[in-house]
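Numbering (our numbering), first residue to last: 100 to 705.
Take these hints with a grain of salt, some might be off.
[Said to hold, decoys possible] List of simulated lysine-lysine pairs, DSSO-like, C-alpha gap at most 27 Å:
(1) K174 - K142
(2) K630 - K585
(3) K314 - K194
(4) K342 - K400
(5) K314 - K206
(6) K206 - K400
It is worth saying that the hints were derived from the structure and are not from the lab.
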Amino acid sequence: MSLRTRSNLGRPLNTYILDYHRGTGTFFPPSTTKLSYSINHIKNTAIPQLTGEIGSSDDICSIFLGVLSILYYPKELDILDNTTLLSSCVRILRKLVADNHNSHTFKLFSHEAGFLCFRTIVLLVHIGILAHTNNLDFFRLMPHTLVSQPDEILTSLAGCGTALMERSEHESNPRRWFLGSLISQTGHRTFLESIGGFTDSDAEFLLRLLWQDRKCFSQLGTRVQTPGWALLLLVIGEHMQWKSESDYIPYEQWLPLETLCFRWSTHSSASEANLIGAFCVEKIQGRPDPDEDLDDECYEKSLVDTEDAREFLLAFIDRIEYFQPLPAALAALILKFVRQKLTIDIADLITTVVDNTCSRIWTILETTASDSNHLSTDIGFNQYATQLLGLIDRLCSVYATSPDMISTIARILFNNDFVNLLARLLLLSLSVGSPLGRLSHESPGLFSILDRKKAPFNIARSWFDLAFEALEVMDSCCQTGNQFQKTFDSSFPDWMKLRRCLDANFPQHHVGAGSKAFENHVQGTRATLLKMAYSFGYSERAFHNRMACTYPRCPGTSSEGDVRLLVCSKCMITPYCSHVCQDKDWDYTDLPHRLICGRAQTMRSM
Numbered sequence: 100m101s102l103r104t105r106s107n108l109g110r111p112l113n114t115y116i117l118d119y120h121r122g123t124g125t126f127f128p129p130s131t132t133k134l135s136y137s138i139n140h141i142k143n144t145a146i147p148q149l150t151g152e153i154g155s156s157d158d159i160c161s162i163f164l165g166v167l168s169i170l171y172y173p174k175e176l177d178i179l180d181n182t183t184l185l186s187s188c189v190r191i192l193r194k195l196v197a198d199n200h201n202s203h204t205f206k207l208f209s210h211e212a213g214f215l216c217f218r219t220i221v222l223l224v225h226i227g228i229l230a231h232t233n234n235l236d237f238f239r240l241m242p243h244t245l246v247s248q249p250d251e252i253l254t255s256l257a258g259c260g261t262a263l264m265e266r267s268e269h270e271s272n273p274r275r276w277f278l279g280s281l282i283s284q285t286g287h288r289t290f291l292e293s294i295g296g297f298t299d300s301d302a303e304f305l306l307r308l309l310w311q312d313r314k315c316f317s318q319l320g321t322r323v324q325t326p327g328w329a330l331l332l333l334v335i336g337e338h339m340q341w342k343s344e345s346d347y348i349p350y351e352q353w354l355p356l357e358t359l360c361f362r363w364s365t366h367s368s369a370s371e372a373n374l375i376g377a378f379c380v381e382k383i384q385g386r387p388d389p390d391e392d393l394d395d396e397c398y399e400k401s402l403v404d405t406e407d408a409r410e411f412l413l414a415f416i417d418r419i420e421y422f423q424p425l426p427a428a429l430a431a432l433i434l435k436f437v438r439q440k441l442t443i444d445i446a447d448l449i450t451t452v453v454d455n456t457c458s459r460i461w462t463i464l465e466t467t468a469s470d471s472n473h474l475s476t477d478i479g480f481n482q483y484a485t486q487l488l489g490l491i492d493r494l495c496s497v498y499a500t501s502p503d504m505i506s507t508i509a510r511i512l513f514n515n516d517f518v519n520l521l522a523r524l525l526l527l528s529l530s531v532g533s534p535l536g537r538l539s540h541e542s543p544g545l546f547s548i549l550d551r552k553k554a555p556f557n558i559a560r561s562w563f564d565l566a567f568e569a570l571e572v573m574d575s576c577c578q579t580g581n582q583f584q585k586t587f588d589s590s591f592p593d594w595m596k597l598r599r600c601l602d603a604n605f606p607q608h609h610v611g612a613g614s615k616a617f618e619n620h621v622q623g624t625r626a627t628l629l630k631m632a633y634s635f636g637y638s639e640r641a642f643h644n645r646m647a648c649t650y651p652r653c654p655g656t657s658s659e660g661d662v663r664l665l666v667c668s669k670c671m672i673t674p675y676c677s678h679v680c681q682d683k684d685w686d687y688t689d690l691p692h693r694l695i696c697g698r699a700q701t702m703r704s705m
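With these hints in hand, go ahead and build the complete structure from the sequences.
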């Protein structure tokens, strides 16, 4: 195939992207001829040209468009099976790179040919998966519309591919069942041989091209139709996972794929996001321990420039605000990712991330209260909350000498009821439904073995990490002047309830006395509360014996001495505010959870 000039690569990005724009609803550019749509042209010209069986024109874009036109004929998709099309696409890409003056600067999406080749690879991978799992005929015979739209067919293919990947987890050999993994005669690890094969070398090559053009990769996700792209990333990830089972792969080699997954998760469907999250959390190896705090060093070059960082933050914010939120564990990794300098410096967007994340965590707390599985056992959620605190800590440290920015951060946290939010997070693992107290009592020796992945000790470790990060946040707040004290002055009663609740109303504190590690971290939680008193200016008032109930319809509005604050013994959340409230008719065990003093059920309280 002749590729003698740059013109054969088609139009540049800023031109072709206008014809493929997401809002137009077109999968092909208007300039595509009707000849490219005919099934005879696809069978007799486009496919043979791509596989090299017949002579080819210099217009490589027309060949890819011809093959992609098969999406107009979903019942004919089987003509792509039992071919060498996938390996042919990779071979053409290698030639495009080789013909470039510097392969290290080649941009996959800079011209139309690379974009169309990538689209064709995505299509072929899905066809290969359906064929290997014996689902291609089922898909072909599905009731498609008489005038099928290519983007709709590819979206359906992507949905089937994702469902099959989820199903593969229940097979005895998921990789072989899903991708037909085998070692080729040349010694390469290979997937999907029926469409030409996708080797480990191909996966490494394609990953390198995506990494070199990662900025455009993200831009395309927001501007054009891209169904199925997430699954291709996961197939590349399967190759890396397969390799890691025999050869150690350092985190530096995992990082490009992981950060590409971060980028694409903001554009993916809910099921794709779940698979991406599971891959990043469970499969990627060697990630620095959170205690090492190497965020800048790890992610230093992951974002290309400020424009790239800004677009990533906007996509992440949109995902939280307007679409189905990402899984908590994946969102936690992304919060760690955005602690790097490029994103921290974008003050208007990074504070929006904090605002939206606080709101999202409140939503999780309020909507899972009645779940059978206690939220403290959700490691991903604990990590999500921990990384939020880590991001706040980083912002306070970076902007400590900027009163306006610190005031903005403080106001955002106050508007999200941060004192009560922190209270709920810190005390969640100490409440009745959490297994931590029982674990520390039954296995005090084992409790100190805090494995991040081994249940149930990963629950304890995730809580310890959360408590430690909370202490770090309070320490950073101390370094920012009096902005937090001014903003949070009216939250003093909430802090008092939090302190008394921890001191007197969590029986697990005493049950777990057999574990020194548990005791130490309960003390660490108490230290966080004392640090909050110092940071928010509560120290002078903290040890007064008289406290007025601030609930508007509570009869106990006068100050009372020696108030012992209690909470609902069932959920360990709702506080009593005074002796008068405690004297009200209240069944400690049988009544459903409800607030006292006439407060609405929706009130966020500790």
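Hint check:
Note on K174 and K142: the hinted pairing holds, with a Cα-Cα distance of about 14 Å set against a maximum of 27 Å. Among the hinted pairs, K630 with K585 is consistent with the structure: their alpha-carbon atoms are about 16 Å apart, no more than 27 Å. Using a Cα cut-off of 27 Å, the hinted pair K314 and K194 holds, with the two alpha carbons roughly 23 Å apart. With a C-alpha separation of about 25 Å, the suggested pair K342 and K400 falls inside the 27 Å cut-off, and the hint holds.
For the hint linking K314 to K206, the alpha-carbon distance of about 10 Å falls within 27 Å, and the restraint holds. Distance check on the hinted pair: K206 and K400 sit about 17 Å apart at the alpha-carbon level, within 27 Å; holds.
In the structure shown, no violation is registered for any of the earlier numbered hints.
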